[in-house]
Amino acid sequence: MNRSLAFLPVAAFVILALVMWRGLYLDSKELPSMLIDKPMPAFDLTTVDGTSVTNDSLPSEPFLLNVWGSYCLPCLVEHPTFMRLSESGEIPIVGVNYRDQKALALNWLEDNGNPYAFSILDEPGRFGIDLGVYGAPETYLVDSKGVIRYRHVSVLDETVWREVFEPAIAELRAEEAE
Amino acid sequence: MSSHLTSQVRLRKFIGFSFLCLALSILAVSLPGLSFAQVDTFEFETQEQQKRFRSLSDELRCPMCQNTSLSGSTGGVAEDLRREVHRMIMEGMSDEQIEQFMYERYGDFIFYKPRLKPETILLWFGPLLFFLIGAIVLVNIWRKAKKMDAEPVVVTGDSKSRLDALIAEHDRSKAVAKNSNE
Chain A
128 MNRSLAFLPV
138 AAFVILALVM
148 WRGLYLDSKE
158 LPSMLIDKPM
168 PAFDLTTVDG
178 TSVTNDSLPS
188 EPFLLNVWGS
198 YCLPCLVEHP
208 TFMRLSESGE
218 IPIVGVNYRD
228 QKALALNWLE
238 DNGNPYAFSI
248 LDEPGRFGID
258 LGVYGAPETY
268 LVDSKGVIRY
278 RHVSVLDETV
288 WREVFEPAIA
298 ELRAEEAE
Chain B
49 MSSHLTSQVR
59 LRKFIGFSFL
69 CLALSILAVS
79 LPGLSFAQVD
89 TFEFETQEQQ
99 KRFRSLSDEL
109 RCPMCQNTSL
119 SGSTGGVAED
129 LRREVHRMIM
139 EGMSDEQIEQ
149 FMYERYGDFI
159 FYKPRLKPET
169 ILLWFGPLLF
179 FLIGAIVLVN
189 IWRKAKKMDA
199 EPVVVTGDSK
209 SRLDALIAEH
219 DRSKAVAKNS
229 NE
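Residue numbers (our numbering), protein chains in the order written: chain A, 128 to 305; chain B, 49 to 230.
Careful: at least some of the hints might be erroneous.
What the hints assert, rightly or not - Part of the chain B face toward chain A, derived, beta carbon under 10 Å: (1) M112; (2) V125; (3) E127; (4) F159; (5) R191; (6) A193.
What the hints assert, rightly or not - DSSO-like cross-link-like pairs, simulated, lysine-lysine; straight-line CA separation at most 30 Å: (7) K165/B <-> K61/B; (8) K165/A <-> K272/A; (9) K61/B <-> K195/B; (10) K99/B <-> K194/B; (11) K165/A <-> K165/B; (12) K194/B <-> K165/A.
Hints were generated in silico from the structure; no laboratory data involved. Using N, Cα and C, we set each Cβ at its ideal position, and we do this for glycine too.
Required output: the full structure, derived from the provided sequences and hints.
See below:
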């Protein structure tokens with residue numbers, strides 16, 4: 128019997144264990160967006176206030192695109208961060224009011240404050256599909272040319288802002304300044 | 049002789065058990081999946097459109113709820129995607145076009161059957177690889193067992209006298225046990 132062959136099962140076990148160990152710490156909810164480095168999908172919709180908006184209405188500098196809904200509890204959790212950002216004018220925020228009702232959306236903004244330059248009304252969730260949205264909240268970083276650069280799924284709190292968005296925005300601005 | 053025989057029997061049992069496991073796992077994966085479809089009130093012009101809608105919404109995965117198909121999910125985005133699938137079927141788009149629409153927005157994740165490409169090769173053929181490894185190991189064990197059967201065991205010299213003594217001892221203790229039982 129070839130002795131070295133006896134270690135084969137052990138080696139196989141170690142390799143499999145390492146693969147599965149890694150698998151334990153992968154976030155299966157963190158799915159890559161198909162739209163990274165692609166332009167924002169074309170839209171011709173209205174805001175929650177009834178003004179019509181298209182891609183031309185988007186800010187001409189890097190901005191955040193935040194998918195929200197009045198039914199969405201995690202949106203309330205991240206709301207203070209967006210309020211702070213809009214008050215300090217750090218970066219413009221555009222909302223996508225996703226699968227909501229107009230009246231409820233307006234109430235929600237009145238109750239909690241409105242950090243958005245405007246909120247695109249997407250009652251049927253059709254624009255959400257073009258964006259590849261799973262569900263609110265999601266936040267996209269879009270550059271001045273309207274190209275999606277980053278997507279964050281779920282709550283964007285102060286920690287995520289500090290650790291992910293702040294560096295990403297700084298990098299993007301530096302890149303655009305060149 | 050007798051210890052050689054029991055190990056043979058054990059080996060046979062082991063091989064038999066392995067094949068049983070294999071058969072059961074093949075049965076398990078081939079059983080049709082149970083699906084609990086959501087009830088939508090979509091209207092179709094032909095039976096074929098309805099059939100295509102069913103099979104597409106079974107094969108596309110709900111992005112939000114991860115382990116349910118579009119047809120089985122109550123999630124908001126699944127509802128929207130079912131509506132889109134219906135719209136595209138009614139507009140006369142082919143299955144490939146509909147799948148491409150989904151792929152462009154949600155990526156490989158949307159398919160229960162991922163597309164065959166370099167990143168998904170292991171996903172597609174990994175199980176076959178493991179099956180082949182298992183089959184090779186089994187065949188090797190089986191061949192070795194056969195070889196053992198073919199070769200008579202020859203015991204000589206010291207080992208023979210020790211073996212004889214052991215067998216005699218075994219027979220004696222058996223006889224004693226039998227006597228005490230009676």
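Of the hints given before, which are not true for this structure?
Of the numbered hints given earlier, those the structure breaks are 4, 5, 6, 7, 10, 12, listed in rising order.
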